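> The chain contents come next:
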Amino acid sequence: MRSSVATLFVALLLLCAQFSFSAVTKKKFSMDGSTASTETVESTPFPDTVAQDNQSVVSIHDTHVFCLTENFADQQKKLRENIAAKITAMKNGESGIIWTFLLICFLYGMLHALGPGHGKSIVVGYFLARKGKWKHGIALGAGITFTHTLSAVILLFVLYGILKAAVFPSFELGRQGIEKVSYGLVCFTGLLLIGIAIHDLVKLLRNRRIGENKAGEVAVSKNTSWKELIGVAAVTGIVPCPAVALIVLFCLLNSMVALALASAGAVCVGMTVTNMLFGIAAIALKKGIDKGAAKTGWLAAYIHIVASFAGGLVVFLAGMFMLS
Amino acid sequence: MRLFFLFLVLLSAMSWAHPHVFADVTVQAVFDETGFIGVQNHWEYDEIYGTSMFAAADANDDGSLSKKELESLKIAVLDPLAKQNYYNYVLSGTKFLPALNVENFQARKKNGKLVLDYLIRFSVPVSNEYKFLVIVVADPSNYIQVTSDMGNSDAKAPDALEVDYYDDSLEGLTLMQDFRSYVEGLYVRFKK
Numbered sequence: 001m002r003s004s005v006a007t008l009f010v011a012l013l014l015l016c017a018q019f020s021f022s023a024v025t026k027k028k029f030s031m032d033g034s035t036a037s038t039e040t041v042e043s044t045p046f047p048d049t050v051a052q053d054n055q056s057v058v059s060i061h062d063t064h065v066f067c068l069t070e071n072f073a074d075q076q077k078k079l080r081e082n083i084a085a086k087i088t089a090m091k092n093g094e095s096g097i098i099w100t101f102l103l104i105c106f107l108y109g110m111l112h113a114l115g116p117g118h119g120k121s122i123v124v125g126y127f128l129a130r131k132g133k134w135k136h137g138i139a140l141g142a143g144i145t146f147t148h149t150l151s152a153v154i155l156l157f158v159l160y161g162i163l164k165a166a167v168f169p170s171f172e173l174g175r176q177g178i179e180k181v182s183y184g185l186v187c188f189t190g191l192l193l194i195g196i197a198i199h200d201l202v203k204l205l206r207n208r209r210i211g212e213n214k215a216g217e218v219a220v221s222k223n224t225s226w227k228e229l230i231g232v233a234a235v236t237g238i239v240p241c242p243a244v245a246l247i248v249l250f251c252l253l254n255s256m257v258a259l260a261l262a263s264a265g266a267v268c269v270g271m272t273v274t275n276m277l278f279g280i281a282a283i284a285l286k287k288g289i290d291k292g293a294a295k296t297g298w299l300a301a302y303i304h305i306v307a308s309f310a311g312g313l314v315v316f317l318a319g320m321f322m323l324s
Numbered sequence: 001m002r003l004f005f006l007f008l009v010l011l012s013a014m015s016w017a018h019p020h021v022f023a024d025v026t027v028q029a030v031f032d033e034t035g036f037i038g039v040q041n042h043w044e045y046d047e048i049y050g051t052s053m054f055a056a057a058d059a060n061d062d063g064s065l066s067k068k069e070l071e072s073l074k075i076a077v078l079d080p081l082a083k084q085n086y087y088n089y090v091l092s093g094t095k096f097l098p099a100l101n102v103e104n105f106q107a108r109k110k111n112g113k114l115v116l117d118y119l120i121r122f123s124v125p126v127s128n129e130y131k132f133l134v135i136v137v138a139d140p141s142n143y144i145q146v147t148s149d150m151g152n153s154d155a156k157a158p159d160a161l162e163v164d165y166y167d168d169s170l171e172g173l174t175l176m177q178d179f180r181s182y183v184e185g186l187y188v189r190f191k192k
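Residue numbers (my numbering), protein chains in the order written: chain A, 1 to 324; chain B, 1 to 192.
Next up, chain A with everything else stripped away, as it sits in the complex (with noise of 0.2 Å):
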């Protein structure tokens, strides 16, 4: 009797909290303002049903379009989960599985650094701007993602040997604060290249007097140097991942330090890889150039000139870009 009173009373109570919410409706509707609605796609009673029904709604998309950026990080969303599920499994016992969650890392890696902020545009830039070798594009490509690794690594170390598994949020704060200085370095790079540019091109103009051809030699863009490539590298590559921090922070967390290591330098190298092609298809389109302007003759020069203009250019609005 009493179980029986008790389910009319909750049925009585459900009734009117149907009531009391009726008047929320799920239906498309012209955002114009003019009365007509469109669609009833579902009259729902708030407030549990919604979530359950929305199975049964007609779906407005249907017709979803494939989004390449969505599908990218939908990967990388995966292999995170991936990568903690991994480390979690390892905790437990489970050491075998070591190498797929370096492989997974290296993966990773690879598909993040093709994010802004690593340093691609600047590989690209530079080498416009200056003449390289494959040997330099790979070096570039490559010695931006290990600074960029290292960077975050020992910021995480140190700041974790201070503040423990408080240590993110600091991290983050740090970070910004490099950031900042990198991009400002990064503009100030650009601005250099575009500098050295303009005075080449004035160098030209000059020396027109004694010859087009002589004129050019003189104002050829110059040949890259290793330390000149340290020194890009160091300013773009500064700013520590904090992809990698989060990665290294979860091993540590889970009192795993050589595993956050060996994820770090996982990561690394699949970011290494795609900055490595960045710079040799950097320096493919710098030979590209020379070899086509070498057939104009005299025009040579210019458009030596121009590439380094424009190399100048992209390197100091990718540091604009990122600042904003």
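Bear in mind the hints are in silico, worked out from the structure with no lab data behind them.
Since the structure is predicted, the reported quantities are computational estimates derived from the model, not experimental observations.
Incorrect hints may appear among the rest.
Stated by the list, open to error - Computed spacing ranges between beta-carbons, pair by pair:
| id | chain 1 | residue 1 | chain 2 | residue 2 | range |
| --- | --- | --- | --- | --- | --- |
| 1 | A | 81 | B | 59 | 22 to 32 Å |
| 2 | A | 85 | B | 115 | 42 to 52 Å |
| 3 | A | 227 | B | 64 | 53 to 63 Å |
| 4 | B | 82 | A | 320 | 22 to 32 Å |
| 5 | B | 96 | A | 291 | 50 to 60 Å |
| 6 | A | 173 | B | 62 | 18 to 28 Å |
| 7 | B | 75 | A | 226 | 40 to 50 Å |
Claimed, not checked - Below, computed lysine to aspartate or glutamate pairings styled on EDC-like, alpha-carbon distance capped at 16 Å:
| id | chain 1 | residue 1 | chain 2 | residue 2 |
| --- | --- | --- | --- | --- |
| 8 | A | 78 | B | 44 |
| 9 | A | 27 | B | 44 |
| 10 | A | 164 | B | 62 |
Said to hold, decoys possible - So these bits of chain A aren't anywhere near chain B, every CB distance computed over 10 Å:
| id | residue |
| --- | --- |
| 11 | 114 |
| 12 | 135 |
| 13 | 150 |
| 14 | 158 |
| 15 | 174 |
| 16 | 177 |
| 17 | 187 |
| 18 | 188 |
| 19 | 207 |
| 20 | 225 |
| 21 | 227 |
| 22 | 262 |
| 23 | 297 |
| 24 | 298 |
Cβ coordinates follow ideal geometry from the N, Cα and C atoms, glycine included.
Starting from the known structure of chain A, arrange chain B on it as the hints suggest.
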């Protein structure tokens, strides 16, 4: 060589996606008798980021958050987002509404993931004519890859109000051009 350039162009085209944090989000447009009062946010962060932030807040390392620890988590996670309106973009007419404050902040761990629930307060008074809102939760910089499931988002209103809502893409909304093409919005209209 041509293939290589093609590769470069392809990679450059993909260079926008650069998330460091991943979050699955649902929202609820909340009304009372006076009108639209806010957006109830439900965020589930990825395990790696969530664990880091939870550990940072859990000062005594007991696996749960006291009131004080909860406040420090709120400061760490939400305060830096205040300038970005807590990634809650509510379009009313031709303007985005400013968030007034954060209320009822709650945090818990679910299957290793950090789950946050809170209300971002807004204020749009109700009238006899329909008022229209578009609610979007997204990080335009893509530092956080926000997957906002507007299909499973809804609205909550008292009987005195008439509220309709639906989820759709942001295509055609000039003020929403900064958002990526796959970001969806919750379209809401309400009147007395």
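> Tell me, in ascending order, the numbers of any earlier hints that this structure violates.
Failing hints, ascending: 2, 9, 11.
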